[in-house]
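Novice: Given next are the chains, with one letter for each unit.
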Amino acid sequence: MASITENSAEPEIRLNKPRTDYSEWGYAALFVAPFVIIYAVLFIYPTIQMIWLSLQKAPLIGPGTWIGIDNYVRLFKDRLFSVALWNTVYFVLLSVIPSTILGLVIALGVNRLKGWLQSVILACFFLPYILPVTVVYRVWNWMFDSQFGILQYPIHFFFGANVPVFRTLPLFMPTVAFVTVWWLIGFNVLLFIAGLRNISPEIYESASLDGASRWQQFSRITWPLIWPVTVLVLTIQLILQFKIFDQVYLFGQGGRTDATMGLVQLIYRNAFQKNMGGYGAAVAVTLFAVIVIFSVLQYQLLRARGEK
Amino acid sequence: MTAEATAGSVAGEMTPRQRKVIKTLDVVGLIVTIATVVGGILWAFPLYWAIVTTLKPEFEVVQPGVQLWPEHVTLDAYIHVLTASNIGRWYLNSLFTSGVITVVVVMMSALAGYAISQLKFPGRRLLWWIILASFMIPVPALIVNHFVLMSQFKLINTYLGVILPQLVYSPVTVIIYKQFFDSVPKEFREAAKIDGANELQLFFRLYLPMNWGITTALAIITFIGAWNQFLWPFLSVTEEPMMNIAVGISQVFDAFGVKYARDLATAILAGLPVAIVYLIFQRRVTQAIMLTAGIKG
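Taken in order, these protein sequences are the chains called D and B.
As numbered in the working numbering, the first sequence has no gaps in its residue numbers, which increase by one up to the final residue, 310.
As numbered in the working numbering, the second sequence has no gaps in its residue numbers, which increase by one up to the final residue, 306.
Hints listed in this document are in silico derivations from the structure and should not be mistaken for laboratory results.
There is no bait here: all hints are sound.
Straight-line Cα separation of at most 20 Å, DMTMM-like style, residue types lysine to aspartate or glutamate; simulated pairs:
1) B:Lys202 - B:Asp191
2) D:Lys245 - D:Asp260
3) B:Lys202 - D:Asp23
4) B:Lys129 - B:Asp191
5) D:Lys79 - D:Asp260
6) D:Lys116 - D:Glu207
7) B:Lys163 - B:Glu249
8) B:Lys163 - B:Glu248
9) B:Lys129 - B:Glu196
10) D:Lys116 - D:Glu204
11) B:Lys268 - B:Glu67
12) B:Lys195 - D:Glu26
13) B:Lys268 - B:Glu69
14) B:Lys129 - B:Glu208
15) B:Lys202 - D:Glu26
16) B:Lys129 - D:Asp23
17) D:Lys116 - B:Asp35
18) B:Lys268 - D:Asp147
19) B:Lys195 - B:Glu208
20) B:Lys129 - B:Glu199
21) D:Lys276 - D:Asp260
22) B:Lys195 - D:Asp23
23) B:Lys268 - B:Glu80
24) B:Lys129 - D:Glu26
Far from chain D, by Cβ distances over 12 Å, these chain B residues were calculated:
25) Val82
26) Thr83
27) Leu84
28) Gly97
29) Arg98
30) Gly108
31) Phe197
32) Trp221
33) Thr225
34) Glu248
The following label-pair restraints were derived from C-beta to C-beta distances:
35) B:Thr167 - D:Ser148: 36 to 42 Å
36) D:Leu82 - B:Leu135: 37 to 43 Å
37) B:Ala206 - D:Gln300: 43 to 49 Å
38) B:Leu101 - D:Ile201: 42 to 48 Å
39) B:Phe144 - D:Pro100: 24 to 30 Å
40) D:Arg76 - B:Arg133: 41 to 47 Å
Predicted, not measured: the structure shown is a model, and the values here were computed from it.
Don't be surprised by glycine CBs; every beta carbon is placed ideally from N, CA and C.
Model the full assembly from the supplied sequences, consistent with the hints where possible.
Specialist: Below, the structure written as structure tokens:
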């Protein structure tokens with residue numbers, strides 16, 4: 003992401019072209035038209051409308067009445083909102099941190115392998131990432147099935163009984179987070195491997211000539227040099243996991259959905275199930291604000307630590 | 010850790026030849042390698058287990074004990090799913106909507122990326138900053154107003170209704186195209202202009218062909234993303250024949266009753282196309298993921 007912003011600062015003035023070329027304007031209009039129209043109608047307009055709707059008492063479809071910030075006032079008093087916010091933050095912690103650490107560990111391991119073995123093992127870790135969420139849901143629902151799931155053998159061994167993990171409240175979020183880590187880790191592994199390959203082998207060679215131990219090599223060379231990638235992975239994962247809906251919804255079907263509700267699910271509940279479009283939009287705006295605040299905070303914090 | 014530390018300090022006092030011997034007898038390294046390989050196998054095991062289960066007859070599926078390979082291999086579950094459910098229709102729905110999304114997203118991004126990279130026009134900077142800022146808006150937050158908009162257009166339960174909102178899901182493609190068009194040497198452009206090429210020809214004959222690799226990579230990743238999209242298709246389609254496969258397979262659960270092999274067979278069939286695309290185009294998928302994360306690979 004850093005590279006993107008750097009590139010935007012390219013010089014505007016081209017010395018060999020002092021006159022404005024109006025035919026270029028025509029072509030430019032032609033070239034950007036599809037993009038601009040699609041983004042104006044489907045992105046900018048809905049965003050503005052979302053903020054507008056959040057200030058109204060309105061059903062999902064149909065006219066509403068202006069009520070100012072009442073939806074937000076109500077939101078902050080809503081017990082379900084604090085539950086949803088907490089569940090979301092809890093899920094983010096349970097999924098983002100393990101998937102980053104484990105991603106780095108796996109990348110270090112895979113990076114040591116050579117040739118076809120490396121490709122095969124990398125594919126093992128990466129394959130789940132490209133599958134649809136419903137497939138992941140089906141596969142793990144079967145793994146954990148309370149009657150015939152293969153994982154009930156170890157569960158039975160440790161707890162003395164079969165446990166329906168997706169119907170047991172304290173186990174629900176950690177298990178869904180675990181499945182999410184399994185599903186998405188391939189992305190982190192790829193990014194870390196790219197980062198590791200960018201470190202020149204000469205640094206390691208001279209370090210081992212100086213007698214640096216493996217641990218010293220990791221803590222003094224690999225870790226500082228891989229830090230920017232870590233920040234990138236954490237930021238991407240944070241933004242992604244704040245939007246958690248699919249897995250929690252699927253695994254929670256038929257269960258006590260109030261207790262496991264996340265923020266996107268709260269939008270869904272209010273806007274679509276209860277037909278309160280205005281209130282749902284207020285939750286959506288709040289989710290947006292939460293993501294922006296968290297990602298900016300995290301980015302600043304982590305970057306500051308990296309520069310030390 | 011202690012083993013590593015001592016190995017390191019001892020290595021410091023040895024001659025280069027002795028150090029080489031130690032390196033080949035790298036015990037810790039061997040353990041790490043074995044752990045990684047075992048980890049990879051364990052990681053893929055749930056997928057293997059799901060596939061094996063689909064090849065068993067239902068009575069064998071619920072037998073106690075871990076049967077790593079079916080006693081009687083059968084394709085009954087697949088045959089049943091393919092003949093008795095709407096899965097064929099869902100396949101076509103997914104294929105069509107994902108295909109259209111891919112073509113439109115890639116084309117509009119390439120065109121806009123070219124204009125921002127190569128042409129001078131008023132509002133260019135503004136457009137660029139809007140694109141960068143649009144990263145910050147979480148698309149799931151827009152579901153409410155996408156739904157309102159699509160129902161105003163009377164597009165709920167239609168292909169267009171599924172497709173349109175997903176066109177704005179990846180503004181990053183424009184940024185990637187801009188970066189790659191930026192790095193095409195200016196000499197090519199000047200030479201083609203002297204030969205009388207206009208901007209359309211420059212785009213279609215020079216810039217696009219020079220970046221086919223990027224286009225392939227972005228097309229594949231956009232297609233996989235659209236194929237896997239759950240939330241929006243789930244909200245905008247309520248009629249079973251219009252569902253895409255990722256949503257459809259979450260609906261058949263109750264229709265079959267508890268039939269493990271069949272349920273899993275639908276899942277395997279739903280995941281198969283993207284898995285095959287990935288295995289064929291592994292390099293491109295990897296490249297596309299790096300690119301979308303902001304690493305120019």
